[in-house]
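Asks: Letter by letter, the chains look like this.
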Amino acid sequence: TQLLEQSPQFLSIQEGENLTVYCNSSSVFSSLQWYRQEPGEGPVLLVTVVTGGEVKKLKRLTFQFGDARKDSSLHITAAQPGDTGLYLCAGPDTSGTYKYIFGTGTRLKVLA
Amino acid sequence: ETGVTQSPTHLIKTRGQQVTLRCSSQSGHNTVSWYQQALGQGPQFIFQYYREEENGRGNFPPRFSGLQFPNYSSELNVNALELDDSALYLCASSFGTGDSGNQPQHFGDGTRLSIL
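In order, the protein sequences belong to chains C and Y.
My numbering puts the first residue of the first sequence at 1, with every later residue one more than the last.
My numbering puts the first residue of the second sequence at 1, with every later residue one more than the last.
If we strip away everything but chain Y, and leave its shape as in the complex, we get (with noise of 0.2 Å):
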């Protein structure tokens, strides 16, 4: 059983420009969220996918998006990016009819994010 992989491990953007975070989902999950995780803070929700549509979102802005490929994979794009998004970003992938619901979520290890 293969977890779930996320890519790159560490990124270092400044600011204004545009980011892109991989992650493959454990195999059978068919749902993945996405979180970020400041220092010494418990993960936030961005947000969900299931079904490559959106599914559910945090108190993100529009600047954050993502994408779920037919693969279940996805990605986490973010744009004009500041300061203040430096931060651990968390896939968690689980397997769901499309609510968050009690499904356990498995995550990767996270892309380590640092804006200068």
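Just chain C, with the same shape it has in the complex (with noise of 0.2 Å):
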């Protein structure tokens, strides 16, 4: 079974500082998918990556997928206090279970 492992698992910040979010994992992904979740709420979709070395920005969001498929890393420049939430990498099982697996999750506090 494929894992995924983030880190950090918490991180508490002053707005306007960056952080970088960890996507880990020791097998392969064909996509990983980036999602947010609030408190209440289901997780919302930020981004899909697909290529190996692939990077995508969202506003002060910046996606970037390992070269070799296995890692991903989320970038927030500037945090703000609505940055605040649950961040979760997903992508699906490629070893022909059809299932799709989440990160262990990383919760973010951005201070006013």
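No lab work stands behind these hints: they were computed from the structure.
Treat the hints with caution; some may be incorrect.
Sample of chain C residues at the chain Y side, in silico, Cβ under 10 Å [unchecked claim]:
{"id": "1", "residue": "Gln33"}
{"id": "2", "residue": "Gly40"}
{"id": "3", "residue": "Glu41"}
{"id": "4", "residue": "Pro43"}
{"id": "5", "residue": "Val44"}
To be clear about the criterion: a stretch of chain Y counts as covered by chain C if any three or more of its residues have a C-beta under 8 Å from a C-beta of chain C, and this derived list gives those stretches [stated by the list, open to error]:
{"id": "6", "segment": "42-51"}
{"id": "7", "segment": "104-115"}
Quick reminder that beta carbons are idealized off the backbone N, C-alpha and C, glycines included.
Hints in hand, dock the two standalone chains.
Replies: The structure is reproduced here in structure tokens:
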């Protein structure tokens, strides 16, 4: 079974700071997706990365897929309180089982 | 475009009871997946339905079962409830051809199930 491990598990920073969240696996993924989840709500898709080495930007958020497609990172520039939430990476199990795997999550709190 | 809707939003049951959770998929989507999310953790894949058949299953016992209907809506049934079944149950829909692939999933806001 493929696993996705995220780090750090928790992060509390001041408004305006930069941060990076990591999503790592020992297995290759055909794609990875990043979601943000707020309390009482379902995860909301932020981005999908498909190609090794791919970089995607969404306003202040920069997503990168590792060259070997085993890892990904999310970088937030000048964090704002509205960025607070649970960040999840996820991807399809490529062992032929049609499972969809989520990472362990990074809980981010941005203080005003 | 109608998003994914789940019902009920909250539910309280006791050990040994049975529960049915419902999900209406986003319009245009033909695949539904169900997840269990314990407090403070990432969602765990329960199973996926495509063309009214189970198309993949995570590490959940047979007392977790489901259905998909011709209109692509879905139900999750859990029998013989246990205390550890307390969690947020999420439904996600996507348009696919039968594999979980690269198709983005759109989630509902979940059903919070509490077992006493």
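Asks: Now tell me if each hint is right for this structure.
Replies: To see whether the hints hold, each was checked on the structure:
1. Because the closest C-beta pair between Gln33(C) and chain Y is about 7 Å apart, less than 10 Å, the hint holds.
2. For the restraint placing Gly40(C) at the interface with chain Y, the shortest Cβ-Cβ distance is roughly 7 Å, inside the 10 Å limit, so the hint holds.
3. A least Cβ separation of about 5 Å between Glu41(C) and chain Y falls short of the 10 Å threshold, and the interface hint therefore holds.
4. Residue-level restraint check for Pro43(C) holds (minimum Cβ-Cβ distance to chain Y is 5 Å; threshold 10 Å).
5. At a threshold of 10 Å, the smallest CB-CB gap from Val44(C) to chain Y is about 7 Å, leaving the interface hint in force.
6. Proximity of the segment 42-51 of chain Y to chain C, defined as three or more residues with a beta carbon under 8 Å from a beta carbon of that chain, is established by the 5 residues found.
7. Coverage of a stretch by a chain is defined here by at least three residues with a beta carbon nearer than 8 Å to that chain's beta carbons; for the segment 104-115 of chain Y and chain C the count is 7, and the condition holds.
In terms of the numbered hints stated before, the structure departs from none.
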